[in-house]
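As you go down the protein sequences, you meet chains A and B in turn. Okay, so the first sequence: first residue is 1 according to the working numbering, each after it adds one. Okay, so the second sequence: first residue is 1 according to the working numbering, each after it adds one.
Calculated from the structure, these hints are not laboratory results. The structure presented is a predicted model; accordingly, all values stated were derived computationally and were not measured. Virtual Cβ for every residue (Gly too), placed ideally from N, Cα, C. Do not rely on the hints blindly, as some may be mistaken.
[Said to hold, decoys possible] Just a few of them, taken from the derived set where beta-carbon distance is under 7 Å, the chain A residues facing chain B: (1) L48; (2) I50; (3) V66; (4) Q68; (5) L70; (6) R73; (7) Q74; (8) Y78; (9) P80; (10) A84; (11) F97; (12) A100; (13) F101.
[Unchecked claim] Here are the computed distance ranges between Cβ atoms for each label pair: (14) A:H122 - B:L140: 58 to 68 Å; (15) B:R103 - A:A13: 17 to 27 Å; (16) A:R52 - B:F195: 29 to 39 Å; (17) B:L4 - A:L121: 20 to 30 Å; (18) A:H130 - B:Q146: 53 to 63 Å.
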Amino acid sequence: MIRTKNLRKNYGAKPVLQGVDLHVHAGEIFGFVGPNGAGKTTFLKCLLGIVRPTSGTIEIAGQEAVGQPLLARQRCAYAPGETALYEQQTGMGFLNFSLAFHLHADAKQGRQLMEEFELPLHQKVREYSHGMRRKLLLAQAIASNADILLLDEPMEGLDPEARRRVSDILRKEAHAGKTVFYSSHDLSSVERICDSVAFLNHGKILECASISEVLSKTSRAIQLIFNRAMTLEELPRAATLHWAGGETRWSLNYEGTLADALFSLKDLPVLSVRDASTSLEEVFAALYTEEGAE
Amino acid sequence: MILLRQFFCEHRLLVGGYSVFLLFNTLLSAFLWPDLKENLEAWSGIAKLLPLKAVQDVVWMIEKEGWWAYFGVQQLFKSGGVIAMAVAGLLGSMLVARDVDQRTAEFLFSRPVSRTQLFLTRWGAGLLFLQIPFFLTTLLFWGIGQSLGESLAFSHVLLAHLHVSLFVTALFTVTAWLSVVSSHQLKPAMLVVGFMLFQLAIYMVQDLWSISIFKMIDLDRILPIRYGDFPWWQFLSFLGTTLTGLFAGIFCINRRDF
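All chains should be modelled from the sequences, with the hints used to inform the complete structure.
Here's what the structure looks like:
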């Protein structure tokens, strides 16, 4: 649905995107992760033609987008991250203004989303809180009924309940065949919602794969508490099992499946087991530490 | 349509204030005429005492040409050349730079609408907001003149109005272009309004007034229209400036990163 090849963008002499190659499939929730200043927003702006790429190609729904940004904008709905809104408009006025540009927009859905997000329809946007503005931007993007949702930091400023609602809505949209491009540095939400993820740093893609692939590349671990002190000799030994700890608390790094690892513990006096597998956050830290060291 | 409505909502106070201001200027000026006409000799005597040659000339021309010169000064030069010019500077500067300044540009330019369409719609809307009150007050001024027994050929009024309104259009278009390349709405406004104030200042200086841009729309250009002498060169230069500003604006908005 979205494909970029060797996408580069320089602001003056400063390279912001350095040859980004990405392929996002239709119906996928694609996480785009990177620290502040990595080039995430610039990448989104390039997709929409808000900024002109220095070189490279962008294909949106099979159509070349660099020379024809309008075509790209017709297929995409965008919820910007750090933007101001037209402060004198009411929430409903802003929604209507935004949807009026989209041919297949669903104003009824927009209104429903505003009600679901508990946004006051007739209150001026200038009186909206940060989180309310974020929800309004999300509502207009979703209700525009475009094939591709480009969301920049969509969960920023949202309370846990709103995050849960947004996650559900995005999953529903993806299930209905929409492609969701989810740019964020909130790794827990990316891990929870997205199917695939790309890590960006200094305008370069460090890693791009499905979430399960990324996580499976790293070791898996469980933390165990025994009902008595255990020595290393008492614990099962295998090439795929690596123990650390002492006394009653041990952690086990394992390769292979969790079922195999648990089976090897069947004769031990285990009091509790907690999954301590690597999270996306740790993958992120590892990747960016490696990049920094290089 | 949505862009037009949004542009009007954003600038309704400026447009409303401008319209009311023009209306007051027209009504006050037009209804002052009978009194002024009666005491023209006295006014002429006072003007001769003033050190401003421009004012002396204006009073002399009103003495000579009557209502036509008065209409030219009050409606075309003052309402069009000065008041509409100032509003053109303000309105033009807000065309794009306001969105950049207020950080709404990212949202606006992510909408599925071409930049050319966006620029032309706003330019057209701004132009209408500027020209409609100006044209209506010109009609009103002419109508009041008729009721006061001062008849003017409507075709002459229209031609003179067209000349000055194109001056305002050219200025608005250049400001609009500057707005496209600016990141702060005050910059083009200050640049254009500052430049025009400077031009107005040198227009008041006898030795310099011939090089002022206001010389292109003053009574020396307006009065001959009545005798079939239309200021074509000035008119064409306004038209050229408008078209150049328009193309430059479209070119720049399509190349700019927001």
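Quick rundown of the hints versus the structure:
{"no.": "1", "hint": "L48", "in the structure": "holds (5 Å)"}
{"no.": "2", "hint": "I50", "in the structure": "holds (5 Å)"}
{"no.": "3", "hint": "V66", "in the structure": "violated (13 Å)"}
{"no.": "4", "hint": "Q68", "in the structure": "violated (10 Å)"}
{"no.": "5", "hint": "L70", "in the structure": "holds (5 Å)"}
{"no.": "6", "hint": "R73", "in the structure": "holds (4 Å)"}
{"no.": "7", "hint": "Q74", "in the structure": "holds (4 Å)"}
{"no.": "8", "hint": "Y78", "in the structure": "holds (4 Å)"}
{"no.": "9", "hint": "P80", "in the structure": "holds (5 Å)"}
{"no.": "10", "hint": "A84", "in the structure": "holds (4 Å)"}
{"no.": "11", "hint": "F97", "in the structure": "holds (6 Å)"}
{"no.": "12", "hint": "A100", "in the structure": "holds (4 Å)"}
{"no.": "13", "hint": "F101", "in the structure": "holds (4 Å)"}
{"no.": "14", "hint": "A:H122 - B:L140: 58 to 68 Å", "in the structure": "violated (38 Å)"}
{"no.": "15", "hint": "B:R103 - A:A13: 17 to 27 Å", "in the structure": "holds (25 Å)"}
{"no.": "16", "hint": "A:R52 - B:F195: 29 to 39 Å", "in the structure": "holds (31 Å)"}
{"no.": "17", "hint": "B:L4 - A:L121: 20 to 30 Å", "in the structure": "holds (23 Å)"}
{"no.": "18", "hint": "A:H130 - B:Q146: 53 to 63 Å", "in the structure": "holds (60 Å)"}
In the structure shown, a violation is registered for the earlier hints numbered 3, 4 and 14, in ascending order.
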